[in-house]
Amino acid sequence: LVVLRGSLYPTVPDWVLNFSPLPSLSSPHRNLSAFPAAQSEHLQQKMSENGALPLRGKVLTVDTMNANVKKVDYAVRGPIVQRAVQIEKELKEGVKKPFEEVIKANIGDAHAMGQRPITFFRQVIALCTYPQLLDDNKFPEDAKNRARRILQSCGGNSIGAYTTSQGIDCVRHDVASYIQRRDGGIPSDPDNIYLTTGASDGIVTILKLLTAGEGRTRTGVMISIPQYPLYSASIAELGAVQINYYLNEEKCWSLDISELQRSLHAAREHCNPRVLCIINPGNPTGQVQSRQCIEDVIRFAAKENLFLMADEVYQDNVYAEGCEFHSFKKVLFEMGPEYSSKVELASFHSTSKCYMGECGFRGGYMEVINMDPEVKAQLTKLVSVRLCPPAPGQALMDLVVNSPQPGEPSYQTFMKERTAVLSALAEKAKLTEEILNTVPGISCNPVQGAMYSFPRITLPERAINEAKAKGQAPDMFYCMKLLEESGICLVPGSGFGQREGTYHFRMTILPPTDKLKIMLNKLKEFHQKFTQQYS
Amino acid sequence: MSFLKEISPLDERRNYNEVLDLSSGDLHRGGIKPITFVRQVLAACFYPALLEDDSLPLDVKQRAESLLRECDGGSIGSYTDSSGITKIKHCVSQFITRRDGGVPSSPDNIFIKSGSQTALMIMLKLLIHSKDSCQTGVLIPVPTYASFTLAVEEQGAAIIPYHLCEEQGWMLQVEELRKALHTGRKTCNPVALYICNPGNPTGHIQSRKSIEEVIRFAAEERLFILADEVYQSCVYGDDTEFYSYKKVLSEMGSTISSTVEMASFNSVSKGFMGECGLRGGYMELVNLDPAVKQYASRLFSTRSCPPVVGQIALDLMADPPKPGDPSYPTFSEEVQAIKNTICKNTGRIQEVFAELPGISCQPLKAGFFVFPCLHFSLKAIKWAKKRQMEPDMLYCLCLLEETGLHVRPGCEYGQRKDSHHIRLFVATQENIMEDALQRLKTFHTRFMKEFS
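The listed protein sequences derive, respectively, from chains A and B.
Going by my numbering, the first residue of the first sequence is number 5, and it counts up by one from there.
Going by my numbering, the first residue of the second sequence is number 40, and it counts up by one from there.
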C-alpha cells in the first residue's frame, strides 16, 4: 500500500500499521482516521472520486525532483565507504573477519589518522570560545593577543555572533597580508578575499556564478582527469558541461598544453567553455606543477578567454626534491600587465589540509582577481544567502595566515609541530612510492605533493570481465575485494576519472608510518593474490 | 549596508558616539552573553588539555569527553558523516520526541547542516526544477525575512506570496493561502509551502488549529511543507505555546500523517544560545520518498560535512544541563535572565510606542523581533516618492544618520501595499534597548511633527 511507505513511524512494524489506525485528535473537519488503514486504499479511491484528498503519490519523487541531483556522485564518500562503515559495525558486534580493524585510507582526514592538531591554534580558538581563559596563566601571551584581536572584530566580542557574509574584516586583511608575503610582495586587496566554509563552498559558489546559457551555449568547465570529484559533482548539480583534459601519467601527471587545446577544441562543438579548473598540488595525482607549466596555462587561459580556478589547498604539502609551489596569482603578476590585468582568476585555500588538517572546522578562503565589478557585486550578494561561514573556521584561517613569528613565545613549539607533520608526510610519500613500485602490476608515480598516491594497477582480464558482468567498474571490484579481505578502504580510480582501459586507486598517505607500512604490505599481498586468483 | 561605512564616529556633527545595531537577529551582538556551559564544553573540545583543569565543572568535562569519543582520532578537526555525528543525531531525535510528547523521531531522518539556512537551501534545490518550461513555485509568507526570499530566487523558483493578517496579530489564514495558490497556479507549478513559525519578522505564533488547517490545505493541494521553526524555544506569555508541525501532523489521522511530506528546521542560532556564528542547524524529514532521501544523502556528501563545532552546539541545545547537574543552576539562571530581559524589553517597547503617534505594534508572542507599523502622512509619502525610495527605507536611513540606530525597513520583508514597517530586534541588554528606544522616540517625534 502506497500509504505505508515512508511512514511517519518507521519503528512500528508494517503489520501494525496495516491493521490499526493511528491515534488522532478529533477535529471539526473530515477525519479520516476513523477508517482503519487496511481499508484505506478503497477509501482513497472513493475520496478521489468525490474530488477530495487526492492521494496519488508523493509531491517529491525521483521524477519530480531536480533532475540534476540524480547525476551527482561523490566517490570519496560513496558506496565503498558505506560498506567500510558497515564492516566496522560488524567488527564491533564481534563478527570474525580476516582483519581487526578497517583502515580508512579513502579520505584526506589527517586527524582521523592520528595526526595531532597544532597546539597554538587550538589554544587561541579555546580562548576565543571561552574568554574567561584569558585570565588563565597556562595560556601563552601571544595566543591571548591573537584571541583578543579576533574577538574585538566579532559582534558583541563573541564568535557566536554572525559575521559579515564576506568574512571577518581583520581576518580578510590578514589573509591579504599573507598572500602578499607568500607571493613576494605582490599586493593583495582584502576586498578581493572571501572567507568560505571550506574551499568547497568557494569552488561551488564560483561555478554557480559562471554557469549560464542553454544547449550549445551552456557553460563548459574544463577539469583535469583525474580530478577531485567535488568538481564533477558540482558540474552535474549545476547542469554545466564537464570538459575533460587528461593529465599525462607517463610524465608524472604533468599537464600538456596540447591536451588542453585538443579538449577545448572538441568541447567548442557542443558547449561554451568558460572555465578552466586546475588543482595544484594535484588531487588525487599529487603532482606539483612547474612554474613553466603554470605560465603556459595562464597564457592559454588568456588566449582562449577562460576563467581560471586554481585549487591550491595543498600549497604547503610539497615533498619532492626539485618541486616548489608557485601560486597562480604570483606567476600571473610576474607575467606582466598584459596578463595580470586581464586574466580572471579565483584561487582557493582551506584549513583542512597542509599541516593543520582541521577539516571539521570548515575554514577556507578564495581570492578573486580581475572579476568584473558588477559580477563581484553579484558574488557578494550570492554569498550573503548562506549568511556567513562558521566563525571558528574564520578565526582558524586567521591563525594559519598569521602564525607565530620568531621571537614570540609559541614560535618554537609551533615550528616543531609544523615541521614534524610535514616531514612525516614527506617520508610517507616516499615510502608509499617505494613500496608500491616493488609490486608487480602496480606502478606508482612519485607523490610530489598533496596527501595521496594514485597508483596504476594492472588487472587480469578475468577480473575485468567478472566486474563488468556485475555491472561494477573493475577498480571498484578490486577495491571492494580488498576491503572485504584486508579491511583497507581505498577509493577506486573510476571515482576520479582515468583514461579508458586504465585502472587506479587513490590511497591517502596519512596513517601513522607503522600502520602505513603494514597497510602497504597487506596491499602488496592482496594484489599478488588477486592477480594469481584471476589469472 | 554600504553607507554604514561612511559614518565616522569622530564626526562632530553627530550627537551619538556609536551606531546601535538592532538590525539582525544576533543575541551576542546585542550584548547578551553566551551560555557558560556551552562555551566551556566547546573550549574543552577545542583544547582537550582543559579536561585536566580543575576549573571546569564535572558535567562539562564528561560531556566534552563523550563528544570527543565520537570524533575520529578524538579530534573535532576530523571530518564527520555528511549528515552529522550519529550520536548527536540520536540526541536531536530524542529532543524532538520529548518536545513532541512522545512522537517517535528517527535519527535516519535527521540531517545536520551548517545552519538551518543551508539545510533549507538543499531542500529547495531538491524541490526546484530550474530548467522546466514551467517554473517551480514556492508559497512564501509576507512579510518574511530577506535571505530566504533570496535563496528561493537563487534556485530559480517563482515566489508565490501569501499575506499574513496584521490586524489579527499576523495570523496565517488558510483562505489567504488558497487565494495565493490559485493565483500562483496560473503562472507556475507550486510544489512547496514555506511556513515560519514562530514568525520572523512578525513575532506571531500559530495556534494548534491553525497548524492543522495549514497541514490539511497542504495535503489537499499536494504541497511539500517547509516548516522553519528556529524560534521554537523563544516563546513568551503564559497563554502561548509552541506546537511543532510534526506533532500536529502526527495527531491528524493516518491518511494525512503518513502522506504529507515535510521538512522541519531548527538551529542553534536562535533560542537562548544565540550561537549564530557556529553554524549549527538540522532538518527533520517526514514522509520523504526513500529513493529521494538517498539522492539527498548523496547531495549532502558533496558538501563534506557540517562544522563539528556547530554539531556539538546542537547536542548541547538538544540535551542541556538538567536539575542535579553541577552546571544546572548557572545554566537555568542564564536562560531565565535572557527570557526576563526580552519580556522587559517588549514591555518597554509597548510603553514607549503607546506614547508615540503614528506607530503601533502587534503583541510579541515569540521570536526576537517586533515589526511595528508606521503610519506615514501623505506629506511623508510624497517626500519619499520624490527621492525614489520606499518611505520606510528612507525613514530608517534618516534614523540611522541622525541617531545612529540601525533597524531594517519593512519593504525588505514584504508588506501590504501602502503599509510601512520597521523591524526591531528585541533580544538585547536592557540598557541597550532603552538607549535604542530613546533614540527612536526622539527621531520619531520629530519626524511625525515635521510631516504632520
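Hints are supplied without guarantee of correctness; some may be wrong.
Quick look at which bits of chain B chain A covers, simulated, 3 or more residues with Cβ under 8 Å [as the list claims (entries may be wrong)]:
id : region
1  : 151 to 161
2  : 331 to 339
3  : 401 to 414
Computed spacing ranges between beta-carbons, pair by pair [claimed, not checked]:
id : chain 1 : residue 1 : chain 2 : residue 2 : range
4  : B       : E469      : A       : G217      : 53 to 59 Å
5  : B       : D457      : A       : V89       : 56 to 62 Å
6  : B       : T279      : A       : Q184      : 52 to 58 Å
To be clear about the criterion: a stretch of chain A counts as covered by chain B if any three or more of its residues have a C-beta under 8 Å from a C-beta of chain B, and this derived list gives those stretches [unchecked claim]:
id : region
7  : 93 to 107
8  : 121 to 127
9  : 234 to 245
10 : 360 to 372
11 : 382 to 391
Treat the hints as calculated values from the structure; they're not laboratory data.
All values derive from a computational prediction rather than experimental measurement.
We treat Cβ as the ideally placed atom computed from N, Cα and C, and that holds for glycine.
So, going through the hints one by one against the coordinates:
1. 151 to 161: Holds: 5 residues of the region 151 to 161 of chain B have a Cβ under 8 Å from chain A.
2. 331 to 339: holds (count 5)
3. 401 to 414: violated (count 0)
4. E469/B - G217/A: 53 to 59 Å: holds (55 Å)
5. D457/B - V89/A: 56 to 62 Å: holds (58 Å)
6. T279/B - Q184/A: 52 to 58 Å: holds (55 Å)
7. 93 to 107: violated (count 0)
8. 121 to 127: holds (count 3)
9. 234 to 245: It holds: at least three residues are needed, and the region 234 to 245 of chain A offers 5 whose Cβ sits within less than 8 Å of chain B.
10. 360 to 372: holds (count 7)
11. 382 to 391: holds (count 6)
Checked against the numbered hints given earlier, the structure breaks hints 3 and 7 and satisfies all the rest.
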